[in-house]
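J.: Each chain, letter by letter, is given below.
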Amino acid sequence: MQTAHSPIWPGVLGRFTWHDLPFVRAWENPTASEMIGAAAASLVIIGFVVTVTLLTRHRAWGRLLEWVTSLDHKKIGIMYVVIALVMLSRALVEAVLMRMQQAAAVGDPGFLSSDHFSQLFSTHGSIMIFFMAMPFLTGVINYVMPLQIGARDMAFPWANSVALSLTGGGAILMMVSLVIGKFSTGGWSGYPPYTGLAFSPDVGPDYWIWAVTLGSIGSTLSGINIACTIFKFRAPGMTYMRMPLFCWTSLCTSILMIFAMPPLTVATALLALDRYLGFHFFTNDLGGNMMNYANLFWLFGHPEVYILILPAFGIYSEVVSTFSSKELYGYVSLVLATMAIAVLSFTVWLHHFFTMGQSANINAVFGIATMTIGVPTGVKIYDWIWTMFRGEVRFTVPMLYSLAFMITFVIGGFTGIILAIPPLDYVFHNTLFLVAHFHNMLIPGLLYGLLAGYTYWFPKAFGFRLNERWGRIAFGCWVAGFYLAFMPLYVLGASGMARRTHEIFQPDFRPWLYVAGFGALVLLAALAALIVQLVVSIRERDANRVFAGDPWDGRGLEWSTSAPPPEYNFAVIPHVDGRDPFYDGKRKDGYYQRHVAYGAIEMPRNSISGVVIGLGATAASFGLVWHMWWLAGLSMQLVLSALIARSFVRGSHRTISAAEVTATEHRWHAALDADRPTPRACELSQRNTGLAEIPA
Amino acid sequence: MSERRRETLTYLVGYALALVLTLGAFAAVKWPIAAAGTTLAIILALALVQVIVQFRCFLHISLSRSSRHDLLLVLFASLIVTLMVSGTLVILFNLRDRMM
Amino acid sequence: MTQPSLRHAGINLGGTQEDPNADAESGIFGFWMFLMSDAVIFALLFAIYGTAVAATAGGPTPRSEFKLDSALIETLLLLTSSLTVGMGVLAMKYDATRRPVFAWMGVTLALGIAFLFMEWHDFSTMFSHGAYPTRSAFLSSFFALVPLHGLHVLAGCIWMLVMGAQVLAYGFDTRVKINILRLSLFWHFLDVIWIAILTVVYLQGHVS
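Chains as they are written, first to last, in full-length UniProt numbering: chain A, 1 to 696; chain B, 1 to 100; chain C, 1 to 208.
Incorrect hints may appear among the rest.
Said to hold, decoys possible - The calculated label-pair distances, taken between Cβ atoms and stated as ranges, are: (1) A:Phe48 <-> C:Phe102: 42 to 52 Å; (2) B:Glu3 <-> A:Gly237: 32 to 42 Å; (3) A:Glu503 <-> B:Phe93: 36 to 46 Å; (4) A:Pro201 <-> C:Gly58: 18 to 28 Å; (5) A:Gly11 <-> B:Thr38: 57 to 67 Å; (6) C:Arg99 <-> B:Thr82: 41 to 51 Å.
None of these hints come from the bench; they were simulated from the model.
Note that the structure is a prediction, hence the values are computed from the model and not measured.
Every residue gets a Cβ at the ideal spot worked out from N, C-alpha and C, and that includes glycine.
Construct all of the structure, not just a fragment, from the sequences and the given hints.
T.: Set out below in structure tokens:
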């Protein structure tokens, strides 16, 4: 007899049953938990329908296609950031739900089922790392780095597009898991044997495996692309020691991506072999050893932390220097510290599993290595402080994020030192203390940094400044929300409350959980303020235009173009003779040199093949999740065919004619001539049209 | 000597060396002259030498200036691979010993 | 003794071309990074193999399953194909005519396919003894490592056919040349990986 639990049409739909739809589950079992699941699924569907309707109503499909097939590093960068912000919204709402559940679940089952709660912490972590943080930083690097080194595009524009669509595909898979089936309950690290076939036969871990694998392949590609661009595409005169610090941190991050994503790919691939073909890597029987998985996962996991944090360090270096109107203090030490962090990050992975049972000597070695990493990081903090010292500091939104970061990150660093001591780790392991610690590192060390970068470079990318007032409100909420939400978790963790707890039986924890829950709401308000800021800024865009391109009296080459920059970035590739080429250049008078005529420029044409490969890989993953073997097979073939077909394409570049370049450049120069220079003190007013006044 | 001959010679020398090293390793296993541990060390050393020979003769990694970037990349990759593989083996063997 | 200076990363693109091609340089360098990333994948599978080689769970052991003779033949096939692919690249560089390039690449392809057949034969022999990857962690790790190398060789063979079609369609234009250089790097790299497999898997299995 056909029930909701038996596959409907196994040959075509694989193991899909009606019960895999959250609406059916909510109908059969109308609890709050199932209703929330159904509501989330409806949100995804409504969001999709609204997007499609709007695109159709505004006849914008052509423009969308123009964007997604673009190989322009600037458009790709912006699309990465859009993915990141959408996913940030989802994962933050999930965090709020978890905090509400824990606040409600003291001596009470709360309103979420334990299975639903487990899905929430799994998706929250997976999304925040793989589909918020990674796309956000990749997007910012993509946008800014080529402009900073004086390049017209990335080394491999097409691979850039493929990487974007693979990451986007992973994000799509995450969203689909809300509507069809369920997500993993095994946490963002997906430890077997729990995520193996014996304990989780459902589709959840498969969604996790394939979404993460798509993201990790995309990141490897991005890493290769970024590193190659920095190695080979720097403007003449830009030696390594003249690169802006953001480029240095991008370089180190990309090298970490190249070498640290493979362990993740191996871990997820072997887990997939266990689940799909009955291999015995991480099973409990026939010689399998799950400790291999923990080891593999953290071989990736620890460098990943620095993949996430290093770009933010670079952004802070740019922001602090610009808004202190001072040369970056200790440039060489910052570069060396970045490199030291990158190498050391490969030597500490064991501190994520001190309690696994290896000997105390091994723990001691890794504990000491862990503490060593604190040294170069400390060097950086001092360098930023010294950059501000006796500078003319302007407390703009990016600068406020930088200051909040410096204080908050140091607190997180201290608790990190506590956790790096193996005997103490035995006490704090798997408690909320750990959760508080890594949020204390990643929120200031990643989110604040990327938000600072977003606010700082937004005028460059879109040609108008973001609203300052709403920016400050968002900043205030992000900082207050962080302290309210996570400081209580230190207390709870030190009192022994385990992480990922669905139901709490210790009434003493209640007040702290209330404070943390309130903090989560403040963080949600921060997100809302960020959205309001964007909407308000778009409405007021005409009053805040900075077409001339240099609203903050910037230092690097990225400020020497119009805002937004032309497709080709630089009509004439600049020649670099110092660390702050634009800042020094405009003071020597004559950076804005108008040429009578410009040459033609070759830029890559749009290509649909990147999107085809990304969507094909997504469809293949979906087929694998649901055991729809025909879909997986066909999609793989599609991916392979697109790859081969692309290798046959010739004439993948189009020429922007000399006349067009000349017209574009002359329009910009005309605006520059008409603009009144803005003194720094007025940079937040509508007087700021993007031409900085040079103080005498 | 023309450039082509020199390059061909590089390949041929590499091929010959690789053959000798491979056959040597086979012989060391097929007709063992030393204890198992020593034999294992010998074949691992021969493999390491052969990898270096192939990188030099087939993949053209050398100390010359024009392949400096590649050399650095390969050396960095070797460092990372060494860290990961040796770390994994030390940790997992230690765990196994403690569980036996 | 002074080394002949190589203009491009890895392999000289063309002695006849005067201007060093920036595309070629970054294209080859980017491919090197991909190879190193791939090398990390193999290295980790080697490490896993090392931790699992004793976990035979009472099933087949390395000594009972690995045949030294066929491993030797496979090694010779791959090693020789590494030489012939190099000769093919030299022919592309100096002759720039299709015939010698096709000849060398054809030999390489034939050797690659022969290798794959040998390997498939080895696997099916193992299967006939009941040595399936599902039998034990040792066999799981063997069947993750060695067939992955085989899949790489298969990908290289397909790539070679694609490049053949492109040479017919476009002759030796810059992109074809860069891709043939990448292909040769890939092929040499697979030979290096095979040396490690031969030593760590096959030879080690027979060291008593």
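J.: If a hint holds in the structure, say so; if it does not, say that too.
T.: Here is how each hint holds up against the structure:
1. A:Phe48 <-> C:Phe102: 42 to 52 Å: Hint holds: Cβ distance 51 Å, inside 42 to 52 Å.
2. B:Glu3 <-> A:Gly237: 32 to 42 Å: Taking Cβ atoms as reference, Glu3 of chain B and Gly237 of chain A lie about 33 Å apart, which means the hint holds.
3. A:Glu503 <-> B:Phe93: 36 to 46 Å: Given range 36 to 46 Å: holds, Cβ gap about 40 Å.
4. A:Pro201 <-> C:Gly58: 18 to 28 Å: The hinted range 18 to 28 Å holds for Pro201 of chain A and Gly58 of chain C, with Cβ atoms some 26 Å apart.
5. A:Gly11 <-> B:Thr38: 57 to 67 Å: At roughly 58 Å between Cβ atoms, Thr38 of chain B and Gly11 of chain A fall inside 57 to 67 Å, so the hint holds.
6. C:Arg99 <-> B:Thr82: 41 to 51 Å: Holds, at about 44 Å.
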